[in-house]
Each structure stands twice: as structure tokens, then as C-alpha cells.
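S.K.: Protein chains in written order, with this note's numbering: chain A, 1 to 99; chain B, 1 to 242; chain C, 1 to 522.
One or more of the hints may lead you astray.
[Unchecked claim] Quick partial rundown of chain A residues pointing at chain B, CB under 7 angstroms, derived from the structure:
| hint | residue |
| --- | --- |
| 1 | Pro3 |
| 2 | Ile8 |
| 3 | Leu13 |
| 4 | Ile28 |
| 5 | Leu36 |
| 6 | Gly53 |
| 7 | Leu58 |
| 8 | Met65 |
| 9 | Val73 |
| 10 | Ala77 |
| 11 | Thr81 |
| 12 | Thr85 |
By construction, these hints were calculated from the structure, which means they are not laboratory data. Keep in mind it's a predicted model, so treat the numbers as computed, not measured. Note that the Cβ used here is the ideal one computed from N, Cα and C, for glycine as well.
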Amino acid sequence: MNPNNYLILAAILFTIGVYGVLVRRNAIIVFMSVELMLNAANLAFVAAARNTGTLDGLVIAFFVMVVAAAEVVVGLAIIVTIFRTRRSASIDEASLMKY
Amino acid sequence: MNGESVVFWVSGTFAVVGALGMVVSKKAVHSALWVAFAMVNIAVLYFALEAPFLGTTQIIVYTGAVMMLFLFVLMIVGVDSSDSLLETIKGQRLLASLFALTFGGVIVASIASTLSSPSAGLAIANAGYGGHLQAIGFLVFGTYLFAFEALSALLITAALGAMVLAHNERWTPRKTQDQLQKERTFSNHVTPLPAPGVLARNNSVDTPALLPDGTTSIESLPNAFRGEGQVSKSNSIEEAGK
Amino acid sequence: MKVSVEYQALAPIIILLASGVLSVLVEAFIPRTLRRPIQLMLVLASIVLAFAYVVINATAELAGDPLVNGGQVKGLRELAASGSIAIDGPGMVIQGIILLISFVAALLLAERQIDPQGDAFASRSSTLPGSEDERQFTAQGWLQTEIWPLYLFCVGGLLLFPVSNDFLTMFVALEVFSLPLYLIASMARRRRLLSQEAALKYFILGAFSSAFFLFGAALIYAATSSVNFSTVAVAMENSSQDGLIIPGIGMIAVGLLFKVGAVPFHQWVPDVYQGSPTPLTAFMSAATKVAAFGALLRVFYVAFGGMRWDWRPMMWVVAVLSMVIGSLLAVTQTDMKRMLAFSSVAHTGFILLGVISTSAAGLSSTLFYLLAYGFTSVGVFAIVGLVRDASGEATHLSQWAGLGKKSPWIATIFALFLLALAGIPLTSGFTGKFAVFTAAIDGGATPLVIVAVVASAVAAFFYARVIVLMFFTEPPVDGPSVVVPSALTTVAIGTSAAFTVLLGIAPQPVLDLVINAGLFIR
């Protein structure tokens with residue numbers, strides 16, 4: 001099997017994540033899409049680690065998981081705060097500021 | 001077709017299905033479950049990629065912690081919160097689809113056009129450190145030590161941030177048992193207050209208890225239900241008799 | 001296998017992160033009323049100490065090549081922490097700039113006299129805006145002192161970001177300084193809903209762009225089998241995997257250009273600058289931009305230096321778009337903070353000219369521009385925070401009419417900052433633009449410089465419009481007034497104004513400094 005297949009799979013997952021961020025309106029789902037993008041990047045790192053025969057990619061993927069966990073905590077805290085203020089999680093309603 | 005190819009095509013397809021399921025689900029809970037499904041399949045791919053440690057971590061951290069945190073927050077925000085799939089900016093979905101297709105197409109095409117050398121495998125790299133876990137341990141606490149230390153700052157930030165945004169403090173000092181006891185002794189109610197719904201027609205928490213003279217007792221209600229228009233009215237004896 | 005940590009070289013970063021931890025302990029164990037002064041002293045002391053270490057490192061006399069300069073080398077130039085951090089001249093200059101700006105911004109964050117209710121942050125950001133709880137906390141004078149540990153972690157991350165020498169450390173540093181910023185952005189005392197929305201937008205777009213950065217790094221790693229900049233640079237020379245490298249460079253650029261706020265990744269800038277508490281805006285607009293440009297320079301000079309013919313066209317487009325769109329949109333704004341936000345987008349374009357030059361002159365002129373712009377930006381937002389009416393800051397342009405008649409001093413200093421942003425001679429802005437434009441012409445980017453000069457002219461129009469509005473129109477009857485701040489803000493504004501003037505009339509010592517800083521090490 002072509003080892004680059006894993007990279008292509010990662011790119012596809014990443015693209016789906018990008019699409020999710022662009023079209024979904026619910027902040028929580030948008031955020032899930034970002035998590036999917038991070039997962040895709042991790043998959044690319046792990047695949048590249050084996051393709052190149054180095055271990056750095058595995059460690060990076062490990063670190064990214066920690067970063068993602070911290071990011072989720074902060075992001076969800078902000079979303080919950082806004083929800084308590086507005087009783088809504090739609091990013092469209094968060095538009096007091098005009099573009 | 002060897003074993004690895006089978007795993008790749010099955011789990012890879014599932015991962016893509018999970019990702020697509022997240023994007024198209026109307027309800028946030030369904031999206032979360034689809035993502036969890038995709039993440040489990042990515043974990044399976046890690047096992048196939050000679051990274052059992054990461055595969056395990058992926059399941060524990062992502063499906064076990066991150067997605068569960070998402071579900072908790074969905075519970076707070078309301079499980080029913082469904083997303084309006086209507087476009088608010090005209091043509092936005094079309095533009096987003098075009099952008100995503102172009103972007104994905106370019107990346108995939110350019111990866112596919114790259115000549116791939118056969119996979120080197122991790123056996124030699126692992127052997128250099130005396131084993132897979134030893135190797136990861138050395139990199140985490142050696143080469144990337146400073147990034148690892150900086151991660152601790154990140155975790156403290158996250159904990160502090162969650163506390164600051166979500167933890168409410170008291171602005172009045174907490175009453176001591178002594179104070180509570182004195183308050184009660186010198187109040188008009190030495191005996192316990194009636195519970196909501198006592199002697200009334202129903203016993204829901206917003207129904208005030210009836211006193212011996214047939215009037216209602218507002219003290220029987222929890223604070224949250226004492227407001228104007230929140231007290232249930234149809235509970236007096238006269239009404240019950242009608 | 002022995003692991004060594006170069007404590008001397010890493011001291012500034014370690015000091016900031018360690019004080020952050022200490023600051024969390026202060027939150028936990030010190031009585032509430034004592035926290036603010038202790039935290040403030042801790043923050044200022046650790047910034048001063050870190051700055052002292054940067055100076056010590058930058059002036060250290062070391063033994064070097066015996067054939068050059070009599071064997072004496074000035075300033076550290078070493079790869080620290082197993083090669084994942086590079087302490088070198090430009091890196092230390094950027095760390096110094098960040099620390100100077102952080103010191104001034106800390107004074108602004110601590111200001112308590114501008115708002116009659118307290119500082120610029122909510123008394124408790126966990127309470128609902130307008131609730132009884134919030135009223136009580138405010139009446140009892142509670143302060144959200146947790147911003148200080150967050151601030152220290154943020155500055156620590158900012159110091160690490162421009163000296164990271166591999167993509168992993170850089171990604172971690174990016175998150176270490178971003179997460180506190182997202183949090184503090186949501187804590188404004190006034191107009192909290194606006195501030196929370198700013199935080200949400202900043203967070204979503206920030207996480208989105210860091211995912212791009214990460215995927216780009218993964219592609220580069222797949223092509224070069226390393227994430228270390230020095231190794232990547234060597235591996236790229238003889239790599240045949242352009243199909244991975246080119247998209248990788250592009251996606252890393254997206255992540256970094258987002259942080260500096262370049263068009264087309266600038267959508268967050270006006271909203272976040274407008275919604276965040278103004279002292280934080282002052283800090284973000286200056287320090288984050290400096291650190292992000294430091295990282296951008298390192299990535300594109302060290303790791304992708306050999307590929308410059310591939311990435312320069314892309315940077316040309318981004319620079320032109322930033323200058324043109326930033327300047328044009330700034331003209332149409334009616335809100336002071338939004339106008340300054342778009343002007344900061346335009347400035348990003350100007351600074352990118354220095355990056356594109358890919359020469360020693362380009363590097364040194366960019367460093368100079370960052371210092372000059374950083375201080376002007378802090379000063380300008382500090383003054384925006386002073387003009388208030390009953391409901392808080394008065395940021396609508398029409399409310400600024402006739403300010404020169406009511407408060408001639410503040411209006412004059414504000415005009416000085418605006419002239420510096422416009423790049424009028426005898427201000428720091430002129431010296432910076434001149435240096436960057438010269439470097440760009442030498443680097444063969446003359447058409448870009450022409451665009452930049454035109455954009456500067458457009459920009460000068462809207463700065464001049466504000467000055468005219470302040471000095472040559474009558475003040476509205478019930479217009480806002482300028483609050484008299486405490487010594488903290490006065491010192492901050494004074495320092496910024498002094499830098500703006502000094503770098504304009506006597507820039508030579510600083511120019512020498514940035515030129516002597518030399519190049520990035522590999």
C-alpha cells in the first residue's frame with residue numbers, strides 16, 4: 001500500500017473539518033470541527049513518523065493531544081459563559097459587532 | 001491485500017463517514033457522537049501505524065475526555081439545541097463548499113503527486129532507544145523537554161480560566177451553625193416550616209402549603225419560586241371544594 | 001543520554017512562567033484585599049528581572065572564533081534545550097521589545113482610577129452582566145486579580161514564541177500565549193457581552209488557524225523527517241517532495257499570518273480589538289504582533305530561507321492586500337477602536353515589506369519598525385481608554401470632536417501618536433517606514449514600495465481627519481470628557497510618547513542595536 005495514503009486520508013479529514021467550521025453556525029459544532037482538524041494533523045504526524053522512520057511525529061501528536069485538551073477547556077468555558085449571558089450557542093446571534 | 005490495507009480501508013472509511021456525519025447532523029449531540037466515532041477509528045489507524053501508545057492515548061484523551069466534556073457542555077446548553085441549517089449569509093454555503101473542495105483538491109492532489117518511498121517503519125528508530133515507550137519517554141523528557149514544561153503553563157491556564165469563567169464566589173460571609181440556630185430560635189418558626197404542597201391539592205414544589213386557617217404559606221416555597229407570578233394559585237381549600 | 005538545559009539563555013522565559021505559577025499561589029493563599037498590590041509588584045518585578053537577563057545575555061562577552069574580532073563575541077548565540085530554542089541576536093531584541101511593551105501594558109492593566117467602579121475588568125467575570133451578584137461584587141470593590149497569572153503566562157509564551165526553533169515548541173508557545181488572551185479578552189467590566197463575543201470569535205478563529213499551522217508542520221515533517229528549523233532548512237535543499245513542502249509552507253503561513261492579522265486573515269482584528277478591554281487591546285496590538293512577527297521572521301528566514309522564491313510571491317500578495325484593504329477600510333470606520341484596528345492591519349502590510357526583503361537590512365529594519373510601532377500602538381490605545389462618558393468609553397468618532405479644546409494635552413499627545421502611525425518625519429513611524437522601504441527597494445520589491453507609499457498617503461488622510469476633528473471642530477454639548485488617570489497610565493503614556501519622539505529624532509543608537517543584532521542562527 002502506498003504510505004502516502006494515510007496523508008491523503010488526513011488531508012480529507014482536515015478538509016471536512018474546514019468545511020464544518022465554515023458552514024456550521026453552532027459554536028460547539030464549529031469547535032468540534034476544529035478538533036477534527038487537529039486530529040487530522042495528528043494522523044498526518046503519526047503517518048509521517050512511520051514513513052520517515054523517526055519518532056518525533058509520535059511525540060508531537062502526543063503533545064497536540066494535551067494542547068487540544070487545554071484548548072477545549074478554555075473554549076467550552078467561554079461558550080458556556082456566553083450561553084449563560086445570552087441563553088444561546090449560535091454564533092450568528094453573537095453579532096453585536098458588525099462586519 | 002495485506003492486513004494493514006484492510007484496516008486502513010475499513011477504519012479510514014469509517015473515520016471519513018464519522019467526520020461527514022458530524023458536518024451534516026442537525027443536532028449537536030449527534031455531531032458529538034459522530035466525531036467520537038471518527039476519533040475511535042483514527043485510534044485504530046494509530047495501532048496500524050505501529051503507535052500503540054498513541055492509539056491508547058487517543059481513545060483515553062479524545063473520546064474519553066474531550067468528547068465527554070463536549071457532551072457535558074451540551075447537557076448544560078441543552079441537548080435539544082439544534083442548529084438552524086438556514087443560510088444567514090446568502091451563498092455562503094456554496095462559497096464554503098467551493099473553497100473546501102478547491103482546498104482539499106489541491107492538498108490531496110499535491111500529496112498524491114509526491115513520489116513516495118516505501119515506508120521506513122519504526123523498528124530501527126525504536127531499537128535505537130531500546131523500545132517504543134523508552135523512545136517516546138526520551139523524546140518527551142529530552143529533546144522536547146522545554147515544550148513539555150511549557151505545556152504545564154498551558155494546563156494551569158486552562159484550569160485557572162475555567163475557574164475564573166465558571167466558578168461563582170459568595171459575596172456574603174457564610175452563616176455559621178451558631179448563627180443559623182439563633183436565627184431560627186428567635187424567628188417566628190421554631191418548628192420546621194411546612195413543605196410545599198402540604199394539605200394543598202397537589203404537591204409540586206411551586207404549590208404553597210396550606211395553613212390551618214386555609215391561607216397559603218409563602219414560606220413553604222423555595223426562594224426561587226416565591227417571585228411574582230410563579231406561585232401556583234389553584235390550591236386553596238375553597239377551590240378544591242368546587 | 002544526558003539532557004542539558006541552558007538555564008542562563010532560557011532565564012527570561014523561565015522567570016516569567018515561574019512567576020506565573022507563583023502568582024497562582026498568591027491567588028490561592030493571600031487575602032483578597034492584598035492580592036492586587038502583591039500581584040502587580042510580582043508582575044513588574046519579574047518583567048524587570050527577565051529584561052535584565054535579556055540584557056545580560058545580549059551583552060555577554062563570550063569566547064568565539066579566534067580569527068574574528070580577536071576571539072571575542074558579544075551576546076549569546078546558542079541553540080538551547082536540545083536545539084528546540086534558538087537564543088540569538090534578533091531573538092533577544094524581540095524578547096527585549098516584548099518585555100518593554102509588557103511592562104508598559106501591565107501599568108495600563110493595573111489602572112484603577114479611570115473607571116469609577118474599579119479597573120477595566122469585571123469584578124467577577126463568572127457573574128452574569130447586570131445581575132445582583134455583579135452589583136454586589138462591584139459595590140464591595142472586588143477585582144478579578146486572576147488576570148495577573150494569566151498575563152504572566154501570556155508574556156512567557158510570547159517570549160518563547162519568537163525563539164522557538166522547532167515547529168512543536170512554536171505550536172506550544174502559540175497556545176501558551178493565546179489561551180490567556182482569549183480568557184482575558186472576555187472579562188471587560190463594561191459591555192461584557194461585546195467582550196465575550198470578541199473572545200469567542202478570537203478563540204474560534206485562533207484555534208482554526210493554529211490547526212492550519214499544525215497540519216502545515218505535519219506536511220513539512222513528512223517531507224523532511226524533522227521539525228527542527230535547522231534540519232528542515234538543510235533537508236529542503238535536496239528534497240524532491242515539493243508536493244508536500246509547498247502546501248506545508250502555505251498552511252504554516254496561514255497560521256502565522258493570522259496571528260499578525262494580515263489580509264485575508266484579518267477578520268478577527270477589528271472585532272477583537274473593539275470588544276476586548278482597552279488595556280488588553282493595547283497589549284495585544286503591540287506585543288502579540290511583535291512576537292508573531294518574530295516567529296514569522298524565524299520560520300521564513302531560517303526554515304524556509306532556501307525556498308524564498310516559492311513563498312515570496314504569496315507574501316507579496318498578502319502584503320499588498322493588507323496595506324490596501326487595511327487603509328481603505330480604516331477610512332470608512334466610525335468607531336475609534338475599529339479604525340485603529342484596521343490601521344494595525346495596514347501596518348502589518350508595511351512590516352511584511354521588511355520580511356519579504358529576506359536580507360540583513362530587511363531583518364534589522366523589521367525589528368526597528370516593530371519597536372516603533374509597538375510603543376505607538378500601546379500609547380494610542382491607552383489614550384482611547386481615557387475618553388469616557390457616563391456609560392464607559394466613548395469610542396464613536398463624533399464624540400471626539402473638539403477634544404483639543406477641552407483637553408489640549410491629551411489631544412496633542414494623541415495627535416503625536418497618530419502622526420507617528422501615519423509616518424510623518426520626526427516621529428518613530430517615519431524612521432521605521434523609511435528603513436523598511438529602503439530594505440524592500442534593495443531587495444527588489446520596488447513595486448511593493450510604491451503601493452506602500454500610496455497606502456501611507458491614504459492612511460495619512462484618516463489620521464489627519466481625526467486630528468482635524470479634535471482641534472478644529474466645536475465640542476458637542478454633552479460630549480465625553482477626558483478622565484485624569486493615576487500615575488500608572490500617565491507613566492505608560494509618557495513612556496510611549498517619549499519612545500515615539502526619541503526614535504524619530506535620534507534613532508541611530510537603536511538602529512545600531514538592531515543592525516548589530518545580526519542574523520538568526522541555524
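S.K.: Next, verify each hint and record whether it holds.
M.R.: Evaluation of the provided hints:
Interface restraint check for Pro3/A: the shortest CB-CB distance to chain B comes to about 4 angstroms, inside 7 angstroms, so the restraint holds. Look at Ile8/A: its Cβ gets to within about 5 angstroms of chain B, closer than 7 angstroms, so that hint holds up. Of the supplied interface hints, the one on Leu13/A holds, with its beta-carbon coming within about 5 angstroms of a beta-carbon of chain B, less than 7 angstroms. The criterion of a C-beta within 7 angstroms of any C-beta in chain B is met by Ile28/A, whose closest approach is roughly 5 angstroms, and the hint holds.
The beta carbon of Leu36/A is positioned within 7 angstroms of a beta carbon in chain B (closest approach about 6 angstroms), and the interface hint is therefore held. With a least beta-carbon distance of about 3 angstroms to chain B, the hint placing Gly53/A at the interface is held under the 7 angstroms criterion. Given the 7 angstroms rule on beta carbons, the hint for Leu58/A holds: about 5 angstroms separates it from the nearest Cβ of chain B. With 7 angstroms as the threshold, the beta carbon of Met65/A comes within range of chain B, its nearest partner Cβ sitting at about 5 angstroms, so the hint holds.
Annotation: Val73/A was flagged as interfacial toward chain B, and the flag holds, the nearest CB pair being 4 angstroms apart, inside 7 angstroms. A distance limit of 7 angstroms between C-beta atoms decides the matter here; for Ala77/A the minimum to chain B is near 4 angstroms, and the interface restraint holds. For Thr81/A, the interface hint holds, the least distance from its beta-carbon to any beta-carbon of chain B being 5 angstroms, beneath 7 angstroms. At a threshold of 7 angstroms, the smallest CB-CB gap from Thr85/A to chain B is about 11 angstroms, leaving the interface hint violated.
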